[in-house]
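**Student:** Residues per chain are reported as follows:
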Amino acid sequence: MDWLEQELKAALAREDPPADFAGRVMRRAERPVVYQWPRWLAAAAAVVVLAGAGMGYRQYRGEMAKEQVMQAFKIASVKVNRIQTHVLEVAR
Amino acid sequence: MKPFRALVLAGCVAALANAQQFQFNLDHLAAKASETVDISLNGSMLQLGAKFLDPKDPDQDKVKKLIGGLEGVYVKSFEFQKAGEWTPADLEAIRKQLKAPEWSKIVGVKSTAEGETDEIYLRSQNGKITGVAILAAEPKELTVVNIAGPVDLDSLAELGGHYHIPKVDVGKQK
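These protein sequence lines are chains A and B, in that order.
Here the numbering used here is used: the first residue of the first sequence is 71, the next is one more, and so on.
Here the numbering used here is used: the first residue of the second sequence is 112, the next is one more, and so on.
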């Protein structure tokens, strides 16, 4: 028997499993499988959610600004119009 | 280096500051008012609002055209349950700021019988209109408006007609 055969025999020699190996395997098999999301997918989802929230907030701010613009010009134009009416009344 | 930093900082502050051309200082009236409107729109908010205006709507289309080039619109309006809640001193504090050569009063109407005072001031630089101030006071109402920028008063008055108010053309009637 040359050294290579001895090495192979030693490496492939039958070994008994450690104590409670079968028990541990059974216990692991009984546990429910928890699916783990890939980290990149979680990061991508977070980016999408944040971008959506940002767009929603911008839409909200824009609508608010629009309402304020319309109200401001409504007040201003009504006052200018009323002043014009007064000027006309004085001129008559 | 420090003066340069201070200059840059001052520039940034100036850019961020609102473009309001005179101070209103009317917050003390808010507690007495039954209704308060306080609108403060700087240039960027105006442009943001303009993007959401619908050009198919005649009112919104007119406003959209008016907004172009404006630096800000500031409105304070108070309605009161009873007369005498605002005082002439409130108006005087504003008038003091609207002085020549920057400002010039183009319209001043005072109705003693109805207790109304209406004034329009124009701010001009190098012959160009750069702002408008509107003071409108009634016994139970006080409104102050500052439109900063090159506003077209005729277009602004025209909006009155769009808001279901009879349009009055001063130039065509005698």
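Everything labelled a hint here was simulated from the structure, so no lab data went into it.
Note that the structure is predicted; figures quoted are calculated from it, not measured.
The beta-carbon is built from N, C-alpha and C at its ideal position, and this holds for glycine as well.
Take the hints with a grain of salt, since some may be wrong.
[Said to hold, decoys possible] Derived pair list, reagent style DSS-like, types lysine-lysine, alpha-carbon separation capped at 30 Å:
| id | chain 1 | residue 1 | chain 2 | residue 2 |
| --- | --- | --- | --- | --- |
| 1 | B | Lys-143 | A | Lys-79 |
| 2 | B | Lys-143 | B | Lys-207 |
| 3 | A | Lys-79 | B | Lys-251 |
| 4 | A | Lys-79 | B | Lys-207 |
| 5 | B | Lys-207 | B | Lys-251 |
[As the list claims (entries may be wrong)] Quick look at which bits of chain B chain A covers, simulated, 3 or more residues with Cβ under 8 Å:
| id | region |
| --- | --- |
| 6 | 131-141 |
| 7 | 252-261 |
**Student:** A separate judgement is required for each hint: does it hold in the structure or not?
**Tutor:** Outcome of the hint check:
1. Lys-143/B - Lys-79/A: Status violated; Cα separation ~99 Å.
2. Lys-143/B - Lys-207/B: Holds. Lys-143/B to Lys-207/B sits at ~24 Å (cutoff 30 Å).
3. Lys-79/A - Lys-251/B: Violated, at roughly 106 Å.
4. Lys-79/A - Lys-207/B: violated, 106 Å
5. Lys-207/B - Lys-251/B: holds, 23 Å
6. 131-141: violated (count 0)
7. 252-261: holds (count 3)
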